[in-house]
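2 protein chains.
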Amino acid sequence: MEIKVLKDILGVNEQLAEKNRQLFDSKGIFTVNLMSSPGAGKTSLILQTIEKMREKTKIGVIEGDVSSSLDAEAIAREGVPVVQINTGGECHLDANMLHQTLSKFPLQDIELLFIENVGNLICPAEFTLGEHKKVLVASVPEGEDKPYKYPLMFHTADAVLINKTDLLPYLKFDTEAFSRVIKEINEKVEILQISCVTGQGIEQWASWLLTQMSQRQGKKT
Amino acid sequence: MEIKVLKDILGVNEQLAEKNRQLFDSKGIFTVNLMSSPGAGKTSLILQTIEKMREKTKIGVIEGDVSSSLDAEAIAREGVPVVQINTGGECHLDANMLHQTLSKFPLQDIELLFIENVGNLICPAEFTLGEHKKVLVASVPEGEDKPYKYPLMFHTADAVLINKTDLLPYLKFDTEAFSRVIKEINEKVEILQISCVTGQGIEQWASWLLTQMSQRQGKKT
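Taken in order, these protein sequences are the chains called A and B.
Mapped onto the working numbering, the consecutive letters of the first sequence carry residue numbers 1 to 221.
Mapped onto the working numbering, the consecutive letters of the second sequence carry residue numbers 1 to 221.
Do not rely on the hints blindly, as some may be mistaken.
Said to hold, decoys possible - Subject to a maximum C-alpha distance of 30 Å in a straight line, what follows is the list of computed DSSO-like cross-link-like pairs (lysine-lysine):
#1 A:Lys-52 / A:Lys-27
#2 A:Lys-172 / B:Lys-52
#3 A:Lys-133 / A:Lys-104
#4 B:Lys-188 / B:Lys-172
#5 B:Lys-27 / B:Lys-56
#6 A:Lys-7 / B:Lys-7
#7 A:Lys-27 / A:Lys-219
#8 A:Lys-219 / A:Lys-19
#9 A:Lys-172 / B:Lys-172
#10 B:Lys-172 / A:Lys-52
#11 B:Lys-19 / B:Lys-7
#12 B:Lys-19 / B:Lys-219
Claimed, not checked - Computed, partial: chain B to chain A, Cβ under 8 Å:
#13 Asp-65
#14 Phe-105
#15 Leu-121
#16 Tyr-170
Stated by the list, open to error - Covered stretches of chain B (chain A as the covering partner; in silico rule of three or more C-beta atoms under 8 Å from a C-beta of chain A):
#17 15-28
#18 45-55
#19 67-75
#20 110-120
Calculated from the structure, these hints are not laboratory results.
Just so we're clear, the structure is a prediction, and the values are computed from it rather than from any experiment.
Don't be surprised by glycine CBs; every beta carbon is placed ideally from N, CA and C.
Work out the full structure: start from the sequences and follow the hints.
This is how it looks when you write it as C-alpha cells:
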C-alpha cells in the first residue's frame, strides 16, 4: 500500500519532470540539479561559478530550502536572476515545485540554470526535476564513507565535486580511495576536486559545464 | 488529504514511541536520539563517549543508516552491544523500526542507549522514537546558517553539540553567533563545544549525560 502510493508519486513526478525538460529545451536552457548534505558548499559553488562564467553564459538560479531566503539573497547580490523555493517541511524539491516556480522566472534571459536542492543526501536523489545533469557536492569533512551510506545519491550523480579540499591537510581523508569507491558505484561519473575558498578546480568545473552545454546544443540541432 | 495521511502516520508513530518509552523506563534505560547531517560526527561521538563512560555505565548502541553496517562494526569493535538498522530508502528512523529492533537487543545489560539516527537534518526531527533526550551534533564546517535553514531540528533538540572545533582555526565560523541564534530558536537548549579528534568537551558532555540520567532516575523513584 505504502509502496503503491510512493510509486504513484514518483510516476506523477516523472511526468512533470518531462514537461519541465521540454520547457528547458524549447528555451535552450541547460539545467543542473545541485545536491549535497547541509553545508557542503552548493551556494558557495554557485557564487564561484557565477564569477567564473558570467561573461560566457547567462546564469539563473533557483534556491531550494526548507526555510529562509539567505541563499537567494546571496545570489541576488550578484545581480543574477534568482527565486527561492521554501518547501516548508519537505526534505527535497520535486518536479511540481519547480514547475510552479518556472512561470515566475525570466526564462528568456537564461542559458544555464542552477537548481540548488534542499541539503539532504537521501530524498532529492529519488525526485528528478527535469534537469539535464545531476551534480553532487561532497565535502571532505563529511568523511570517506558517504558513498556506502548514501549509495543512491552517488549512483544517480552525473558529476561529483569533492569540495573543501583546502581542509585536506587537517583531516583524515583519502581522495583517491573516495574516488575509487564512487567509481565502483557509478562507473561513468565525472569526479572533480574543488575548493570554493581557494578557487581550486573551478576552472575545470566551468570547462566541464561548457562542454556539457555544447554537447546538449549539438544534440538539439 | 496529504496532510491527513501525514497526521495519521505521526499519530501512530507517537503511540509506538510511548510504548518504547515505557519499555525503556521499565528497564531503567536512559535513551538518547542522536541526530545530525551526514558526516557531522555522531559515530565518533559515540566512540568517544564509550571510552569516557564505559567504567561508569553500561552502554548500548542502535545504528541507523540507509545502507551499510560500517558504523555498527566500529561500535562492535569496542565490545559494546550494537544493532544496525538499515532503512533501505527511508530518510529517518521511526518508532516502529526501533520497536522491531528492541526485541533483538539485550536490554537487561544496558543503562544508557544511544540511537544514532540517519544522517539528515530534516525528517528525523519529525519522528519521536521514545527517547528521553534528543541531541543534535552540528559540525562547524557546515556553516553558521543551519539553524535558519533547518529550524525544526534545532527547535526540538535538548542539546546541541558543536563538533569539529579543532577545525575552527581554518574556517569562518563564529561559535558565539551560532549559539546565540540557536538560543533564539530554542531557549532551554544545552550547547556544548566538542571535538572528537582532540577530546575537547567530552568530559562536559559525559557530565551532562550523567546528570540527565540521575535526574531521570530521581523522577522514577
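Now the hints, each set against the structure:
1. Taken as a hint, the A:Lys-52 and A:Lys-27 pair is honoured in the structure, with Cα atoms around 23 Å apart against an allowance of 30 Å.
2. With a C-alpha separation of about 23 Å, the suggested pairing of A:Lys-172 with B:Lys-52 holds against the 30 Å cut-off.
3. Under the criterion of a C-alpha separation no larger than 30 Å, the hint pairing A:Lys-133 with A:Lys-104 is consistent with the structure, at around 22 Å.
4. At roughly 26 Å between alpha-carbon atoms, B:Lys-188 and B:Lys-172 fall within 30 Å of each other, so this suggested pair holds.
5. Restraint check for B:Lys-27 and B:Lys-56: the C-alpha separation of about 18 Å stays at or below 30 Å, so the hint holds.
6. Between A:Lys-7 and B:Lys-7 the CA atoms are separated by roughly 21 Å; this keeps the pair inside 30 Å, and the hint holds.
7. A threshold of 30 Å between alpha carbons decides the hint, and for A:Lys-27 with A:Lys-219 the separation of about 14 Å falls inside it, so the pair holds.
8. Taken as a hint, the A:Lys-219 and A:Lys-19 pair is honoured in the structure, with Cα atoms around 18 Å apart against an allowance of 30 Å.
9. Distance restraint check for A:Lys-172 and B:Lys-172: the Cα-Cα separation of roughly 20 Å lies within the 30 Å cut-off, and the hinted pair is therefore satisfied.
10. With a C-alpha separation of about 23 Å, the suggested pair B:Lys-172 and A:Lys-52 falls inside the 30 Å cut-off, and the hint holds.
11. Of the supplied pair hints, the one linking B:Lys-19 and B:Lys-7 holds, its CA atoms being roughly 19 Å apart against a limit of 30 Å.
12. Our distance criterion of 30 Å between C-alpha atoms is met by B:Lys-19 and B:Lys-219, whose separation comes to about 18 Å.
13. For B:Asp-65, the shortest C-beta to C-beta distance to chain A is roughly 5 Å, which falls under 8 Å, so the interface hint holds.
14. The beta carbon of B:Phe-105 comes no nearer than 22 Å to any beta carbon in chain A, farther than 8 Å, and the hint placing it at the interface is violated.
15. With a least beta-carbon distance of about 5 Å to chain A, the hint placing B:Leu-121 at the interface is held under the 8 Å criterion.
16. Interface hint at B:Tyr-170: satisfied, since its Cβ lies 6 Å from the closest Cβ of chain A, which is below the 8 Å cut-off.
17. Residue count for the segment 15-28 of chain B with a Cβ under 8 Å from a Cβ of chain A: 0. That is fewer than the three needed, and the coverage hint is violated.
18. Proximity of the segment 45-55 of chain B to chain A, defined as three or more residues with a beta carbon under 8 Å from a beta carbon of that chain, is not established by the 0 residues found.
19. Using a Cβ-Cβ cut-off of 8 Å, 3 residues of the segment 67-75 of chain B lie near chain A, which meets the minimum of three, so the contact claim holds.
20. Proximity of the segment 110-120 of chain B to chain A, defined as three or more residues with a beta carbon under 8 Å from a beta carbon of that chain, is established by the 3 residues found.
In this structure, the hints that do not hold are numbers 14, 17, 18, in rising order.
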